[in-house]
Amino acid sequence: MPYSDAASARLSDERGGDAPRSPTRVAFFATCLADRFFADACADAVRILEHLGVAVDVPDGQTCCGQPAYNAGHRAEATRMARQTAKAFAAADHVVLPSGSCAGMIRSFYPSLLRAAKSGAPGLAPRAHELSSFLVHELGVLGPDWRDHEGDPPRIGAGLEGVGVVYHHGCHALRELGVHDEPVALLRACGADVVPWGGDTECCGFGGLFSTKFPEVSSGMADRKLDALPPDIDFVTSADGGCLLQLSGRARHLAREDGAQAPSASPTPRTSNPAPGFVHLATLLRRGLGA
Amino acid sequence: MSERSRPSDYGAESARIVRDDPGMRTSITGAVRSKHEKRQAAWAEIDAEAWRDWARDVKTHVLTHLDRYLPQAEDALLRNGVKVHWAETAAQACDVVTRIAADHGARRVVKAKSMLTEEIGLNESLERAGLEVRETDLGEYIIQLLDEPPSHIVGPSLHRSLEDCRRLFHDRFGTPLDASPETLAATARRILRDDFLQADMGVSGANFLAADTGTIALIENEGNIRISTSIPPVHVAVVGIEKLVPKFEDLAGLIQLTARSATGQAIGNYVSLIQGPRRPGERDGPDEVHVVFVDNGRTRLLADEHAWEVLRCVRCGACLNSCPVYRQTGGHAYGWAYSGPIGAILAPGILGLEAAMPLPFASSLCGACAEVCPVRIPIPELLVYWRERAVEEGLTPTVDGVAMKVWAALAEHPGAFGVASDVVGALPLEGAGRKLPVLRGWMGERAAPVPSPERFLNTSSRKEEGT
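Residue numbers (the working numbering), protein chains in the order written: chain A, 4 to 294; chain B, 40 to 506.
Be aware that one or more of the hints could be misleading.
Capping the alpha-carbon separation at 20 Å, the derived lysine to any residue pairs in SDA-like fashion look like this [stated by the list, open to error]:
{"id": "1", "chain 1": "A", "residue 1": "Lys216", "chain 2": "B", "residue 2": "Lys286"}
{"id": "2", "chain 1": "A", "residue 1": "Lys216", "chain 2": "B", "residue 2": "Thr99"}
{"id": "3", "chain 1": "B", "residue 1": "Lys77", "chain 2": "A", "residue 2": "Lys216"}
{"id": "4", "chain 1": "A", "residue 1": "Lys216", "chain 2": "B", "residue 2": "Lys122"}
{"id": "5", "chain 1": "B", "residue 1": "Lys286", "chain 2": "B", "residue 2": "Thr99"}
{"id": "6", "chain 1": "B", "residue 1": "Lys77", "chain 2": "B", "residue 2": "Pro61"}
{"id": "7", "chain 1": "B", "residue 1": "Lys122", "chain 2": "B", "residue 2": "His143"}
Here are some chain A residues pointing at chain B (derived, C-beta under 8 Å) [to be verified]:
{"id": "8", "residue": "Gln87"}
{"id": "9", "residue": "Val198"}
{"id": "10", "residue": "Glu219"}
{"id": "11", "residue": "Arg255"}
Quick caveat, the hints were computed from the structure, so don't treat them as lab data.
C-beta: ideal position from N, C-alpha, C; glycine also.
Produce the entire structure from the sequences given, and follow the hints as far as they go.
This is the structure:
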């Protein structure tokens with residue numbers, strides 16, 4: 004999609020003329036799960052960045068950040084993957100990920116893993132950013148005082164007007180990265196009606212291999228989230244594909260058991276359909292920004 | 040439930056029990072949610088982060104100087120006229136208490152709520168020695184009548200509904216089936232009163248023990264601990280060696296923090312500070328007070344450069360109340376005294392890692408526990424630490440290790456990794472998933488994940504720059 008000068012001008016106005024120099028070039032880490040299951044969201048994230056005037060590289064050599072191995076206690080394998088990832092992104096000033104948990108993995112655990120491995124590529128941690136956090140903090144798309152606009156954020160797009168959304172806070176984005184208000188503010192700034200959702204900061208039960216080792220426990224956790232969904236929303240969204248796989252997989256399983264129509268992941272609001280779509284934050288934001 | 044579960048039983052069955060029993064599900068969820076909300080409100084009133092730093096530092100200091108504080112505590116206790124015993128193992132601790140009972144010809148024992156005595160299996164030991172043991176905390180009393188272990192550190196019977204208790208009391212004591220909670224409590228109080236008056240010995244734990252003054256601190260809401268430790272002629276406090284605090288003044292802060300974390304109260308309804316047996320001229324109190332210091336794996340934990348941090352735990356249960364995993368199974372699923380996140384990182388230290396399996400894996404690592412811990416135990420990090428140890432010690436399935444090695448090898452070869460991902464995308468996951476190692480666990484409870492038609496990294500514009 005061609006880069007929009009008008010949008011760019013509007014955004015830089017809202018940032019203020021003397022905003023600190025923001026990144027003009029980033030490397031994009033698709034992450035293995037999003038690459039495989041949320042390819043559209045990856046493309047959408049890249050499109051958003053380009054739309055905002057940022058050149059995006061997609062380096063070769065990127066594979067898996069090592070989070071599944073790390074969380075399962077396979078530290079040696081996690082270290083190998085961390086080394087691979089650090090190597091792939093060695094040249095990038097900023098690395099943007101469409102995944103809070105992978106960004107959390109890099110930020111929280113790479114320093115100790117790579118120190119232990121005496122890798123020659125230290126320092127990826129502070130350069131890794133979850134997408135919404137990057138947009139708000141590094142690009143400053145909501146301006147410097149964005150937290151003061153609670154409830155009435157600056158508008159940066161209109162593509163989500165009339166769209167009802169609930170936001171699931173992935174645990175690692177929330178607790179490892181401290182990302183909480185950013186994605187919600189971005190959605191609102193694009194016109195979305197972000198509907199309160201009881202337990203939106205509660206774990207969906209994915210937890211990587213936890214979901215396959217203890218499926219009954221894990222799916223029960225998803226049920227509590229799904230049971231609490233407000234009516235008449237269009238989308239459940241999150242910055243973490245794993246959580247969306249868990250929630251949508253459970254929702255489709257239950258719908259199948261009930262013989263009801265399975266919800267789709269199509270990014271089209273279906274206000275007439277009681278079942279919401281499960282869609283990645285990047286996909287909604289691209290639409291919201293008209294990118 | 041006389042057939043007690045073990046950690047190795049953790050999993051499907053217990054999750055289904057709670058899922059398929061709406062009453063139990065409601066009881067557990069309601070109780071922990073309410074405790075969690077009260078905790079949140081109580082912590083909002085204070086400078087929470089500063090208090091947590093302080094509490095962490097006090098406990099860390101004492102744990103790293105036990106060589107100084109344990110002898111100091113012993114001296115202070117002896118000065119106070121308390122008899123001090125040391126037990127390295129659970130069995131030794133039980134023997135010590137049983138022997139004290141025998142020395143006094145005791146037949147009836149009343150117990151104040153104590154998780155350590157659950158950990159070491161004291162009730163069973165005393166009963167084997169022919170003693171009658173009566174739990175006097177209302178929740179503990181209920182589960183003793185039901186022959187169940189506690190399901191929560193602070194609320195041992197919280198998995199049981201009011202209905203369950205009405206039925207139990209109706210069957211045992213003939214109270215009406217629609218008896219009010221007040222009636223049930225009054226019934227228990229009447230029965231327990233006789234037990235208190237007839238008891239030859241009272242057994243308690245300790246929330247804290249001040250090393251400088253030898254003060255045993257006990258926090259409660261019902262008053263049964265105060266009675267159990269003051270009416271019977273002998274009081275035995277069974278105390279984990281990690282319960283020390285350096286100074287009497289430290290008790291003030293820690294008692295408040297524990298109450299705020301456990302129940303959201305500013306302080307427990309009763310705080311007993313026990314300074315030894317009844318002195319000449321005093322009207323109340325036991326003739327003898329004993330402290331049994333128990334190790335039972337604690338020094339082993341202390342020697343571990345990562346795992347030792349769990350010893351800061353003040354047993355407030357806040358991590359259970361915030362834990363979405365605990366909520367799915369309740370506490371019995373964990374198969375030993377301590378459940379929830381703290382139970383999963385204590386078990387490898389106290390039971391040994393092999394016996395604790397798979398508890399360190401029974402977590403989604405969501406981190407809600409670490410957020411509320413009043414002494415800042417890095418619970419998710421310690422869960423991962425024990426997982427690493429389990430992998431090192433060959434306690435995890437071989438197929439997991441092989442899969443991870445293959446995965447890592449692929450990840451080091453981006454071309455091959457991409458091909459593997461293409462293969463996953465081409466598989467009929469919904470059908471084949473049930474036969475594949477990892478996906479098998481996913482299927483059955485969830486629809487198969489739907490791959491994108493084409494991977495992002497395969498899209499043409501990216502291909503140009505790439506492989």
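A quick look at each hint next to the structure:
1. Taking the CA atoms of lysine 216 (chain A) and lysine 286 (chain B), the gap is near 45 Å; set against the 20 Å cutoff, the hint is violated.
2. Taken as a hint, the lysine 216 (chain A) and threonine 99 (chain B) pair is broken in the structure, with Cα atoms around 34 Å apart against an allowance of 20 Å.
3. Of the supplied pair hints, the one linking lysine 77 (chain B) and lysine 216 (chain A) is violated, its CA atoms being roughly 33 Å apart against a limit of 20 Å.
4. Distance restraint check for lysine 216 (chain A) and lysine 122 (chain B): the Cα-Cα separation of roughly 49 Å exceeds the 20 Å cut-off, and the hinted pair is therefore not satisfied.
5. At most 20 Å may separate the alpha-carbon atoms for a hinted pair to count; lysine 286 (chain B) and threonine 99 (chain B) meet this at roughly 14 Å.
6. Straight-line distance between C-alpha atoms of lysine 77 (chain B) and proline 61 (chain B) comes to about 24 Å, which puts the hinted pair past the 20 Å bound.
7. For the proposed pair lysine 122 (chain B) and histidine 143 (chain B), the alpha carbon gap of about 14 Å is at most 20 Å, so the pair holds.
8. At a threshold of 8 Å, the smallest CB-CB gap from glutamine 87 (chain A) to chain B is about 5 Å, leaving the interface hint in force.
9. With its C-beta approaching chain B no nearer than about 21 Å, valine 198 (chain A) sits outside the 8 Å limit, and its interface hint is violated.
10. At its closest, the beta carbon of glutamate 219 (chain A) sits 4 Å from a beta carbon of chain B; the interface hint therefore holds under the 8 Å criterion.
11. Annotation: interface hint on arginine 255 (chain A) holds; nearest CB of chain B at approximately 4 Å, less than 8 Å.
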